[in-house]
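Participant: In case you want the letters, here they are:
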Amino acid sequence: MPVLKGKELRIVGFLCNWCSYGGADTAGVGRFNQPTDLRIIRVPCSGRIDPLFIMKTLLNGADGVLVSGCHPRDCHYAEGNFYARRRLEVLHRFLPILGIEPGRFEYTWVSASEGQRWQQVVTRFTEQIHKLGPAPKIAGPAASETLRQMEAAL
Amino acid sequence: MKYQQELKDSIRKALPGLDVVIAWSAGYDPLHATPHFIRREEDIDRLEIGPFSVHNLATYLPGLRGKKVGIVVKGCDSRSVIELLQENLINREEVTIFGFPCTGVVDQTKIRKALGHTGKVDFCQIASQTVVIGLGGEEHKLRLSKVLADKCFSCQYPNALISDHFVGEKISPSVQTEGDDDLEAFEKMPMDERFAFWQKEMDRCIRCYACRNACPMCVCRDHCLAESRDPHWLSQEDSVRDKWMFQLIHAYHLAGRCTECGECQRACPMDIPLLLLKKKMNKEIKELFQYEAGVDPEATPPLLSFKMEEENINEREW
Amino acid sequence: MAKVQFIKSADVKPWLAELAKEHRVFAPSYDGEALLFRPFDLEQEIILDRAATMPPKKTVFPQSEKLVDFTYSKDPENLSRVKIDARETLPEGSTVVFGSRPCDARGFTMFDRVYLSDKNTDIYYQARRKNTLFITLACRTIENTCFCNWVDSDPCDPTGSDVLAIPMNDGYLLESVSEQGEKLLNSKLLADGSSRKVEADKICQEIAGSINNTKDLSQAPAKLLAVFDNMQFWEEVSAKCLSCGACTYLCPSCYCFNITDETNGMKGKRLRSWDNCMSAQFTMEASGHNPRPTKAHRLKNRVGHKFSYYPTIHGGVISCCGCGRCIKSCPAGIDIREIVLKAIDFEPAAVEE
Amino acid sequence: MKIGVFVCHCGSNIEGTVDTAAVAAAAREFPGVAFATDTMYTCSEPGQEEIVNAIKEHQLDGVVVASCTPRMHEQTFRRTVERAGLNRYLFEMANIREHVSWIGKDREANTNKATELVRMAASKLLHNRPLLSKQFDINKRVLIIGGGVAGIQAALDCAEGGLEVILVEKTTTIGGKMAKLDKTFPTVDCSCCILGPRMVDVAQHPNITLYAYSEIEEVSGYVGNFEVKVKKKATYVDWDKCTGCGICMTKCPSKKATDFFNEGIGKTTAINIPFPQAIPKKAKIDANFCMKLQKGKCGICAKVCPSGCIDFTQQDEFVTEKVGAIVAATGFDLFDWTVYGEYGGGRYPDVITSLQYERMLSASGPTGGHIKRPSDGKEPKNVVFIQCVGSRDKSVGRPYCTGFCCMYTAKQAILTKDHLPEAQTYVFYMDIRATGKNYDEFTRRAMEEYNAKYIRGRVSMIYPKGDSLLVRGADTLMGTQVEVDADLVVLAVGADSSAGAAGLAEKLRISYDSYGFYMEGHPKLKPVETNTAGVYLAGCCQGPKDIPSSVAQGSAAASKVLGLFSKDKLASDPQVSVVDIKRCIGCGKCIKTCPFGAIKEIDFRGMKKAEVIETVCQGCGICTSTCPQGAAQLQHFTDNQILSEVNALCQF
Amino acid sequence: MSVSLTYAYYPGCSSTGTSIEYDMSSRAICAALDITLTDVPNWSCCGSTPAHTVDHTLSSALSARNLCQVASMGLTAAVTPCPSCLSNLKTAQHRMKNDSFREKVSKLLDKPADITVETKSVLQILVEDYGIEKIKAKVTKPLTGLIVAAYYGCIMNRPAEIMNFDDREHPMAMDNIMTALGATVVPFPLKVECCGASFGIPRKDVVMRLSGKLLDTAKEMGAMALVTACPLCQMNLDMRQEQINSANGSKHHMPIFYFTQLMGLAFGLSEKELGIDKLCVNPRSVINALGMEGDSKEKSQ
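Sequence order for the protein chains is X, S, C, Y and V.
At position 133 of the first sequence (counting the first as 1) the number is 132 in numbering that gives the first Met the number 0, and the numbers step up by one without a gap.
At position 226 of the second sequence (counting the first as 1) the number is 225 in numbering that gives the first Met the number 0, and the numbers step up by one without a gap.
At position 8 of the third sequence (counting the first as 1) the number is 7 in numbering that gives the first Met the number 0, and the numbers step up by one without a gap.
At position 284 of the fourth sequence (counting the first as 1) the number is 283 in numbering that gives the first Met the number 0, and the numbers step up by one without a gap.
At position 153 of the fifth sequence (counting the first as 1) the number is 152 in numbering that gives the first Met the number 0, and the numbers step up by one without a gap.
Everything labelled a hint here was simulated from the structure, so no lab data went into it.
Among the hints, a few may not be true.
Quick list of in silico lysine-lysine cross-link-like pairs, BS3-like style, CA-CA up to 27 Å [said to hold, decoys possible]:
{"hint": "1", "chain 1": "C", "residue 1": "K12", "chain 2": "S", "residue 2": "K199"}
{"hint": "2", "chain 1": "X", "residue 1": "K130", "chain 2": "Y", "residue 2": "K607"}
{"hint": "3", "chain 1": "X", "residue 1": "K130", "chain 2": "V", "residue 2": "K218"}
{"hint": "4", "chain 1": "C", "residue 1": "K266", "chain 2": "Y", "residue 2": "K608"}
{"hint": "5", "chain 1": "S", "residue 1": "K66", "chain 2": "Y", "residue 2": "K607"}
{"hint": "6", "chain 1": "S", "residue 1": "K306", "chain 2": "Y", "residue 2": "K104"}
{"hint": "7", "chain 1": "C", "residue 1": "K187", "chain 2": "C", "residue 2": "K7"}
{"hint": "8", "chain 1": "X", "residue 1": "K4", "chain 2": "Y", "residue 2": "K104"}
{"hint": "9", "chain 1": "Y", "residue 1": "K55", "chain 2": "C", "residue 2": "K73"}
{"hint": "10", "chain 1": "S", "residue 1": "K66", "chain 2": "C", "residue 2": "K341"}
{"hint": "11", "chain 1": "C", "residue 1": "K12", "chain 2": "C", "residue 2": "K196"}
{"hint": "12", "chain 1": "S", "residue 1": "K67", "chain 2": "Y", "residue 2": "K608"}
{"hint": "13", "chain 1": "S", "residue 1": "K187", "chain 2": "X", "residue 2": "K136"}
{"hint": "14", "chain 1": "C", "residue 1": "K196", "chain 2": "S", "residue 2": "K199"}
Partial pick of chain X residues on the chain Y-facing surface, computed with a CB cut under 10 Å [as the list claims (entries may be wrong)]:
{"hint": "15", "residue": "R38"}
{"hint": "16", "residue": "I48"}
{"hint": "17", "residue": "E78"}
Remember, predicted model here, so these are calculated numbers, not experimental data.
Glycine included, every Cβ here is placed at the ideal spot set by N, Cα and C.
Work the whole structure out from these sequences, hints included.
Facilitator: So this is what it looks like as structure tokens:
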């Protein structure tokens with residue numbers, strides 16, 4: 000499904016159920032206006048977020064990925080965000096080698112009570128992605144793509 | 000190689016207690032060696048170690064669990080053995096390790112690049128720092144340092160880090176800096192060029208998975224995500240997206256486990272510079288956690304552990 | 000009578016440019032450190048003095064191809080009634096491959112016996128095969144891994160090609176092999192080459208003289224069957240195999256494939272992609288049972304199929320064209336010649352006195 | 000799968016900025032969707048009926064509701080689809096209220112976003128599988144942490160309900176803050192007289208085991224089967240023998256020990272029983288002040304003790320208790336008001352806290368109920384009360400209202416007049432918050448009958464002037480500065496979360512807000528639950544509250560525990576991880592990373608494999624993201640389920 | 000371990016006039032303590048009173064100009080005796096954390112505004128970088144018997160989030176120094192109260208009331224003298240002390256020292272180089288009471 004042309008970019012969020020998803024709810028309850036680009040995928044814990052999901056999302060053409068979990072020490076599962084922090088930090092530092100702006104992926108911690116903070120995070124991240132513009136897209140299936148181009152040329 | 004005879008003797012002594020000893024022997028032409036499985040006394044004579052002993056034989060170990068296996072390792076290979084031990088993928092008591100001081104192995108791609116092609120090599124002699132190759136009746140001289148694998152220039156572990164039998168004198172790590180740091184150069188490229196680079200490189204991938212199967216740390220083997228439908232991470236389409244994604248899976252799954260043996264890149268029939276991804280991952284792991292894989296069998300890979308307060312992860316300003 | 004033309008080395012690229020107006024033209028050029036058959040491009044250097052890393056297999060048998068596009072549509076009155084509209088996606092247009100080697104071109108004849116048989120016709124293969132023309136270059140250099148002469152071929156073998164090009168010192172002698180091939184030889188850039196035919200034949204003889212000694216593989220089918228149940232034999236020869244697909248994917252005569260469907264939303268496609276018998280998944284059954292559970296079983300199949308089972312049902316033709324890529328590109332340096340010879344030489348341990 | 004999609008208007012909450020009919024129309028085109036409609040209030044009785052009917056009429060085998068957050072109504076709708084015969088996990092929610100309609104005004108963008116959220120939910124639903132829970136036994140014992148009034152109430156209610164109760168108290172006596180109070184508002188009856196009998200009940204109840212001077216060391220397990228390690232701190236007194244006679248206190252030569260119970264008003268002996276009504280009435284030696292423990296000389300208490308219970312070699316002791324539920328009732332601590340440099344930061348002895356004042360008012364306190372200035376023991380003439388010290392003050396990081404200070408300040412003003420009829424009281428306040436039953440009347444009485452001078456404004460500075468203190472503040476009603484000569488200043492210090500609250504929360508795996516107060520399950524609907532099953536809250540640990548509210552919450556927590564234990568078995572949450580034994584290569588990475596020890600290594604036909612212990616697994620999914628070959632899959636959040644959401648969003 | 004401390008020194012305008020003794024004594028004691036002060040070349044006004052009330056950008060640009068000068072010296076820390084200057088420098092730095100504000104300032108400066116220089120007061124470097132213990136060790140003539148009240152003024156520590164020094168309501172830096180010098184420090188509850196500051200010109204009555212209260216309280220607490228760290232405070236209390244007396248009917252004769260002057264005395268420096276003679280309220284009796292008879296030269300004057 001296409002993004003709203005000219006208005007939105009494709010931003011995907013992975014949020015832990017206990018803190019950040021709740022924080023996003025709190026922002027909603029507080030009617031804290033936010034940009035509409037973000038689509039949230041709910042997962043039980045930031046520890047569930049395999050960094051490969053983020054790579055997959057970016058390779059699938061997303062313009063930005065935002066991950067948010069409980070603040071360190073506040074994880075509902077005690078340790079999930081500690082693992083997540085290491086893995087996501089590694090990912091964040093790895094992305095530039097692929098030619099993907101590291102700013103297309105951010106991770107942060109937002110608690111269930113931090114509605115206002117969530118609003119700020121979403122707004123700031125969306126602005127950051129709009130500043131970066133649409134992500135470079137991977138060309139379609141290699142060989143067939145070449146053939147298609149050649150056919151078009153003929 | 001100086002210590003070859005000593006090594007053969009050592010293996011000859013140990014062989015009766017072992018099912019197989021993995022080493023190298025001459026390959027299909029003077030420029031190649033091949034893994035050599037020694038089962039019988041007479042197999043020992045064919046053993047050869049030297050600059051063509053490129054293969055990381057540790058790759059075979061997990062598949063031989065339950066057998067008494069001897070293995071000859073270069074320093075870099077021994078790190079893979081340590082890593083496998085650390086992850087309980089092999090049992091220490093089942094493995095007998097033969098170490099020797101390694102002075103470096105050649106990179107076939109470099110030779111090929113230097114000579115144009117190496118299809119018809121008649122002979123190859125390596126004397127001190129010079130490689131003499133006979134090719135289609137002509138003789139070519141190459142400086143050894145021009146054709147050594149990149150990893151050998153920065154090698155800090157030329158002697159096996161773990162061994163039951165070590166032949167020869169231990170040598171000190173090289174301090175040469177001749178190998179060019181491709182990662183550093185690559186990281187100077189603009190983002191869009193890097194992105195384009197990988198698209199171009201991954202385009203020629205044929206999904207043979209030699210990179211994966213040659214990797215000693217790719218222990219999932221028959222259960223790799225690459226061909227699985229549940230979970231269904233990749234399609235079988237010949238698309239850069241899927242092929243690239245696989246390399247990211249590979250690189251990420253090796254984070255904190257990869258010893259940079261370079262087998263992925265060496266095995267790649269299409270010469271895709273896959274090691275670059277792993278080097279980058281290792282660089283970040285090292286910076287973040289001061290961790291190097293394959294050095295300590297008792298260590299825990301950094302992504303399987305955590306600290307409540309991480310020294311080097313600044314809480315995101317977000 | 001075959002048409003014989005001559006082209007000067009310098010005219011090769013202009014000629015290909017001419018051909019590219021009508022056909023997709025592929026020629027060997029470097030992509031990174033790999034020498035591949037890539038879409039012809041005037042800017043790109045064409046490399047003809049060495050064998051390509053990969054045969055031009057993709058031109059006729061793509062690594063993955065879309066067989067069918069399908070779309071689901073719903074009955075607005077009853078949303079659970081779903082219609083599927085499936086559309087075959089047959090390839091169109093014609094292709095010329097320049098610079099393939101005799102072994103490369105001959106590889107497709109192994110495909111033909113399977114995909115274009117009396118019983119079965121693979122329409123996707125057929126569509127590409129008949130529209131792909133090979134201008135094959137006879138080999139002047141015989142590499143260490145070459146063994147086409149073992150499998151009833153030679154460095155000037157025109158089988159499977161449409162034009163055979165013989166490299167001369169100042170250019171190439173182009174000899175049409177097929178009718179379609181003859182049509183390619185009408186360019187003004189070409190001159191009549193009949194006068195140089197004798198010279199060319201001499202070159203071919205020279206090449207034939209320089210090739211490695213041949214081996215007699217006529218016993219291979221029977222001998223390989225004889226060691227079929229000898230798992231120890233196969234375990235030993237496969238010990239260093241890594242179970243990757245480099246050998247099969249680089250093989251000009253390996254033709255196995257897998258079919259998968261990929262759906263996204265209401266649209267989907269059916270893909271045919273290369274498969275390889277070295278992979279554990281190759282014979283994995285839905286129950287989880289695998290009749291070829293180990294790499295020994297799998298390597299046995301690869302060698303057995305090429306040198307025994309295929310020849311048995313296809314009039315003795317060995318399904319290997321001797322290009323040697325499986326040897327050259329094997330990360331573990333497995334040499335298929337060695338395995339076949341070992342099987343031929345294998346003497347079962349005497350059971351009785 | 001035949002999916003039904005229900006797009007809720009939520010009155011105008013969603014419909015106001017989302018075209019729900021358009022969302023439903025778009026949903027009809029999604030794979031698997033066999034029915035889609037928009038409804039006014041999906042969660043209402045008729046709304047739920049509509050779902051049930053649609054499931055039956057269209058033979059639906061999966062349902063998507065696009066409405067509010069799943070944290071609100073996921074359970075509701077799961078029960079709904081269950082009523083219609085579907086497995087509860089064949090249901091997905093799209094949050095188009097909190098995440099869409101309430102945060103954006105652009106109707107086009109909102110409608111598009113809502114449609115995509117429904118598409119994601121439907122895509123995931125296609126990969127959902129029915130999940131069934133397993134039954135397991137419950138250990139019907141309850142642990143109550145904290146022996147203040149809330150904990151006492153919870154303990155007594157649970158014990159009366161027939162449960163075995165383990166009550167753990169950090170200090171040597173239960174009673175908490177309430178035991179320190181002189182009188183309670185608005186009835187002005189004796190705090191200790193109403194609490195004392197309840198404390199005695201705790202001591203005497205056969206179902207209650209009390210561990211005083213003990214702390215929680217470690218908590219493991221899960222609802223129904225927690226295992227708790229309790230640290231019994233060394234008191235150097237064998238409590239089995241101690242009779243509480245108090246002879247040791249009379250003879251102890253170390254008389255400068257900090258008197259914690261009396262909030263540091265006065266000193267006490269190194270061996271000490273905090274107050275006459277203490278439960279348990281047992282002595283404890285304060286090692287910091289005991290000469291024997293510090294210098295190895297003395298030991299007088301051991302000599303005089305008639306029961307021979309002094310044991311200078313005593314060590315901390317650990318006991319392990321198995322319980323099925325836990326109530327946290329750890330109370331609060333006073334905010335550290337010394338950060339207010341303008342109030343002297345603790346340098347002026349005659350600036351004291353309200354709780355110190357309570358001890359001073361109490362007949363059993365260190366002054367015997369006489370109001371005396373700490374500096375010189377004189378009776379004060381002018382007593383100034385300053386409210387909101389550490390409450391409603393962003394500058395010290397405490398923006399919240401403690402809520403009960405207005406009332407006790409009024410009470411203290413009244414009591415001051417009772418004790419010292421000549422005294423004049425002043426109260427600096429920001430607003431009067433007297434919202435309870437008879438509360439406002441009470442503050443009125445303080446002003447009208449007891450002549451307390453209420454000044455609306457904050458105090459900017461206190462400084463000594465001769466013998467007295469000059470209190471300078473604003474009178475915002477008059478618009479002037481005021482200066483009051485005070486003999487004694489009483490600060491109504493706000494409530495802070497209890498010291499150590501965060502550490503305990505981490506052990507209990509519950510969350511807390513930025514001030515350290517524990518987070519309830521839902522601010523409206525789950526005031527005593529936490530997000531960890533089997534852990535409940537009572538009293539001020541959840542947020543500052545007065546005595547009746549704390550007692551009510553104690554009872555509420557007890558009723559939750561009794562409710563939980565009314566079943567003989569509990570059903571496990573089937574949202575747990577499962578290892579595909581065929582894919583598992585036995586590398587043990589999941590075992591290493593599981594925070595709950597919920598994965599064990601098993602031997603399967605001679606191969607090492609991992610296996611999940613269902614009842615221990617909490618469903619975090621760390622194993623799933625750790626397993627390189629995807630063999631461990633968290634049910635309901637499998638790789639394929641999350642990938643289907645990703646693919647629904649991004650496949651261009 | 001001794002690391003020599005080096006700072007860029009920003010004297011501020013008043014140091015060339017009304018508070019020249021503060022400047023003199025600051026330089027003198029820093030020299031005595033081996034603290035190197037290098038004057039900011041070609042320094043200008045910090046943007047104080049005239050500018051900061053009418054135009055924030057201009058005011059910040061003036062401060063930023065001086066900070067750029069510091070950066071060009073290759074130094075990373077600047078020090079000033081005057082809390083008002085410090086307040087302006089720090090406020091400018093605080094405002095320039097906002098990118099768009101910084102751009103505006105940079106435009107006025109015609110070069111990018113520096114945001115790296117650290118700014119501190121002389122008092123702050125003495126207690127934070129040098130250390131009370133080391134100051135104590137330098138005392139050769141302890142001020143035994145001197146009873147002082149330390150008066151910080153209202154902007155030395157506030158707003159706390161910008162000044163980021165000591166306790167905003169109950170600073171102790173000068174108290175501790177005075178104690179280290181051997182003086183007795185009385186608790187002075189009004190240590191961060193306002194002296195009336197610049198109201199000395201438009202609303203003298205305000206200064207009379209506020210500064211009068213400071214003097215009253217100091218006397219009440221038993222202080223023989225007040226010690227200050229701010230040119231404006233010192234001026235109001237010292238120069239206007241007679242005006243205060245006549246307006247309030249009081250009879251104060253209370254010397255108002257800069258803390259640096261007292262430090263100098265305790266280090267055995269000459270009264271001349273500390274500018275003791277520049278004070279309006281004659282401190283002679285207080286100094287004499289310490290057993291310091293003053294410079295012989297001065298005596299002859």
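Participant: Run every hint past the structure and note whether it holds.
Facilitator: Hints, one by one, checked against the model:
{"no.": "1", "hint": "C:K12 <-> S:K199", "verdict": "holds (24 Å)"}
{"no.": "2", "hint": "X:K130 <-> Y:K607", "verdict": "violated (51 Å)"}
{"no.": "3", "hint": "X:K130 <-> V:K218", "verdict": "violated (63 Å)"}
{"no.": "4", "hint": "C:K266 <-> Y:K608", "verdict": "violated (39 Å)"}
{"no.": "5", "hint": "S:K66 <-> Y:K607", "verdict": "holds (16 Å)"}
{"no.": "6", "hint": "S:K306 <-> Y:K104", "verdict": "violated (43 Å)"}
{"no.": "7", "hint": "C:K187 <-> C:K7", "verdict": "holds (12 Å)"}
{"no.": "8", "hint": "X:K4 <-> Y:K104", "verdict": "holds (18 Å)"}
{"no.": "9", "hint": "Y:K55 <-> C:K73", "verdict": "holds (21 Å)"}
{"no.": "10", "hint": "S:K66 <-> C:K341", "verdict": "holds (25 Å)"}
{"no.": "11", "hint": "C:K12 <-> C:K196", "verdict": "holds (23 Å)"}
{"no.": "12", "hint": "S:K67 <-> Y:K608", "verdict": "holds (22 Å)"}
{"no.": "13", "hint": "S:K187 <-> X:K136", "verdict": "holds (22 Å)"}
{"no.": "14", "hint": "C:K196 <-> S:K199", "verdict": "violated (42 Å)"}
{"no.": "15", "hint": "R38", "verdict": "holds (5 Å)"}
{"no.": "16", "hint": "I48", "verdict": "holds (6 Å)"}
{"no.": "17", "hint": "E78", "verdict": "holds (4 Å)"}
This entry does not satisfy hints 2, 3, 4, 6 and 14, going by the numbered hints stated previously.
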